[in-house]
Amino acid sequence: MIYSAWLFTAALGLTLIYGVMKIVNVTHGSFYALGAYAGASITGAWLARGYPPMLSYAVLLGSALLVTLLVAPLIERAILRFMYAKDEVVILLITYALFLILEDVIKLVWGVNPYFVAEPYALLGSFSVAGLAYPTYNLILVALALVAGLGLTWILHSTRVGKLLLAVIDDPEISRAMGINVDRYYLVTFTFGSLLAALAGSFTAPTVSVVPGLGVEIIVLSFAVVVIGGLGSLPGAALGAVIVGVVRSLSVHYMPQVELFVIYFVMAMVLAFRPRGLFSLAEPRKI
Amino acid sequence: MGGLWLPQWAMFMVTIAIARGLVALGLMLLLRAGLVSFGQALYYCLGAYAAGALGRFFGISDIFAQMLAGAAAAGVAAFILGFLLAKYRGIFFGLLSLALSMILYGLLVKNEALGSTDGFNILPSTLFGIRPGPDSVRYAVFASAALVALLLALAVHRYLRTPLGRLAPAIKDNEIRVEYMGASARHAVHVMYVIAAVLAGVGGALAATTVGHIDPDMAFWTTSGEFIFITILAGTGSVVAPFAGALLYGVIHTTAYDLSPNTWQLSLGAALLLIIVFLPEGLWSLFRRRVSHS
Amino acid sequence: MSVILNARGLNKAFGAVTAAKDVSAAIEQDSVVGLIGTNGAGKTTFINMITGFLKPDTGAIEYEGRDITRLPPRAITRLGICRSFQIPQLYSSLSVLDNMHIGIGIVLRNAGLGGYFARDGAPVPGFGKPAEEVAEHLLARFGLTDYRDRNAQVLPGGVRKLLDIALTMVAKPRVLLLDEPTSGVSSQEKFGIMQMVLDAVRAEGATVLFVEHDMEVVSRFAQRVLAFYDGRIIADAPPAVALQDPEVKRHVVGRARA
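Chains as they are written, first to last, in the numbering used here: chain A, 1 to 287; chain B, 1 to 294; chain C, 1 to 258.
This is chain A alone, in the form it adopts within the complex:
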């Protein structure tokens, strides 16, 4: 369940960016890693200075925000903006190139040694349910998923900004003609989607050792979630996360040797039989 919540937050931004901008954003993995590193290093420094540990959660949030605001708009304005006219596969390759670049930037900025910042995790202790102990920190991950998912849904359907965004999703050309500043929406969407990835990374940092390669693992897993649920669909991302989570738990429990493969198997099955995913916007195959 926690795994699904975590996956959901991680993948939500990816599906949002696809839905609005119609691009498959490999850089998504980089933002997850950036969030994790920023969260780990800044929070680590915060705690080392003896500042209140209870505020470390806010620091985690702030770090993700900071790193995203520094990097995402730059990427979007300086590079992506000029590429929207290109073929979607080409754009994917461009985001892949950016991902490679960012992987090394992370290594250059933070080095290759692992970061540990377990305090926010340990601080909350654990609670018991039916005799089993669960780390309370995990509730934060769940809360994050809920806030992200519900918040985004609310924004899209109940605010004016959201409705305009729906128009942009539907038809950017016409939206432009109607005076909507599509470019600004793209910038905001890209930044917000990347922020979601960074938040997922940042809040995961206390539970793992932050090492290079975090982005590599998460990106293809996010792809699986998003494809299963349907590219561009928010409820789809939720469903995809749940399915992947369930499938993984079942396989870990009953047949551990298929754990890795089974997730991609489900992804392939969905692509084979319902390429649009379970709720999707995308146009699947040709003939």
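None of these hints come from the bench; they were simulated from the model.
None of the values given here were measured: they were computed from a predicted structure.
Any given hint could be a false lead.
[Said to hold, decoys possible] SDA-like mimics (lysine to any residue), calculated; alpha carbons at most 25 Å apart, straight line:
#1 B:Lys-110 <-> A:Pro-212
#2 A:Lys-86 <-> C:Ser-92
#3 C:Lys-172 <-> B:Ser-184
#4 B:Lys-172 <-> C:Pro-73
#5 B:Lys-87 <-> C:Phe-53
#6 A:Lys-86 <-> C:Val-154
#7 A:Lys-107 <-> B:Gly-237
#8 A:Lys-86 <-> B:Gly-237
#9 A:Lys-107 <-> B:Thr-263
#10 B:Lys-172 <-> C:Tyr-116
#11 C:Lys-172 <-> C:Glu-132
#12 B:Lys-172 <-> A:Tyr-84
#13 B:Lys-172 <-> C:Gly-112
#14 B:Lys-110 <-> A:Val-247
Starting from the known structure of chain A, fit chains B and C onto it as the hints suggest.
Quick look at chains B and C alone, frame taken from chain A:
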């Protein structure tokens, strides 16, 4: 031949370049039809494991048998998977091919018989029953690789001038028209997909015997990414381009990595970006332009 | 003359819209038939049903005595019914010559799986000559020789149409459906193009159906006219008769025509 005065490390580089070049050659064929496979590593890995399995379970280590096993394993898999994949285009073709390669990765990683994440070592190649000494093994592999690659490249070159070869850009350009002229684009793509897979399978077997070791990472998506990079670097201009691109990639990889391991991917990414934006035809097109000007 | 294509009682509806209502026509071999009607009258639906792009709700289509109603477009093309398009469907990134070669390649492939890998000099089915010669022959027939190395994208409108039609001729169709062959072409060129097309096509012995909005072109070139309105055929007669028909005048030609 060249092997007699090339140092061991150079032969290694060239042989690996030939192996990667074969995979990129296959990718090039698909690219001409407008398809980008994000999972070509699937066949590269299958080829490698097939070659390895030959030695591990049957004790066969003849280099040509290894390459043949790689080709066969890849070909059969692609034939089956092609029924599904040939129906897709664009991003979906890419994502599905990616998923399939990750399935193989997942299967191999947990497979004890094949060494799980560690993989296993492959038997050193023999040539028609003769076991070359440790110094000449590399040369034997290199020579065989060069020969096979030459034959395959010639075959592909011929292929490009056949009706199927010419059909690729037509499918990319106006698939509906192709259908309306009585051809099945899906069928054509299926055949192309199998050809590309066979090339990748041979490449995988070659890589396996050159490196001496096989592991599941050969099916990981980052490996597919390397091949895509080489293909884009090289462009689709000629059958020689993928090999030249692979060699260039190998050289850059080794030098850049030795100089500064933490900026190697950065250079790769930057190079990829620059090529996509400024030189979408690949570096080979530069070469062609210069030749035609002189 | 024998009937080569027979449409019987074709009906097709898209929800509330009737695209075809009880459409029947027996097309005789070697004839030249003009299809007229305003946009949405059912001409293109008719063509789409014959070529297999659409399946009629009820009714049947017979070609050379064989029921082709449910066959896919690919199969129908291979049987000998080809069509050209209102908006020319070309391989715009390739040269004119390469466009022809693609078509020839497909014909080779349709002859047998080995056709995929046919050698350069292999005889093309239906022509008996190697691909190069067939390509040049067809280009010459349609006056495209001067354009052979030009990129299809940069061709003038009339030339694009000719190439589109030339491509259909590669398969040596027995029945050729031309969808507005002279639309987008200047009035001076219309007759010239139509003449050239019909000469080339008829020399190969094909039956021609063409959709046309220009009544002068229709009266000049069609031997028989099928007039469509509201999904039905409202007139089926030689042009002189059909164009004078009061129903046709009202629904197709318009009162201003002399």
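Agreement of A:Lys-86 and B:Gly-237 with the hint, judged by alpha carbon distance not exceeding 25 Å: Satisfied, since the Cα-Cα distance of roughly 21 Å is no more than 25 Å.
25 Å limit on alpha-carbon distance, applied to hinted pair A:Lys-107 and B:Thr-263: Holds - the C-alpha atoms of B:Thr-263 and A:Lys-107 are around 8 Å apart, at most 25 Å.
Hint consistency between B:Lys-110 and A:Pro-212 [alpha-carbon to alpha-carbon, up to 25 Å]: The hint holds at about 23 Å.
Restraint check for B:Lys-172 with C:Tyr-116, where alpha carbons must lie at most 25 Å apart: At roughly 17 Å apart (the allowed maximum being 25 Å), C:Tyr-116 and B:Lys-172 satisfy the hint.
Distance restraint between C:Lys-172 and C:Glu-132, which requires alpha-carbon spacing of 25 Å or less: The given pair, whose Cα atoms are some 16 Å apart, holds under the 25 Å limit.
Pairwise hint evaluation, B:Gly-237 against A:Lys-107, where the allowed Cα distance is 25 Å at most: 36 Å, violated
B:Lys-172 paired with C:Pro-73 [C-alpha distance capped at 25 Å]: 19 Å, holds
A:Lys-86 paired with C:Ser-92 [C-alpha distance capped at 25 Å]: Given that 25 Å is the threshold and the Cα spacing comes to 18 Å, the pair holds.
Restraint check for C:Lys-172 with B:Ser-184, where alpha carbons must lie at most 25 Å apart: OK: C:Lys-172 and B:Ser-184 at ~18 Å, within 25 Å.
Pair hint outcome, A:Lys-86 versus C:Val-154 [Cα-Cα no greater than 25 Å]: It holds: about 21 Å lies between the C-alpha atoms, which stays within 25 Å.
Given hint C:Phe-53 paired with B:Lys-87 - CA-CA distance at most 25 Å: 18 Å, holds
Proposed proximity, A:Val-247 with B:Lys-110 (alpha carbon, max 25 Å): Roughly 17 Å between the alpha carbons, so the hint for B:Lys-110 and A:Val-247 holds.
Hint 7 from the earlier list is the only one contradicted by this structure; the remaining hints agree with it.
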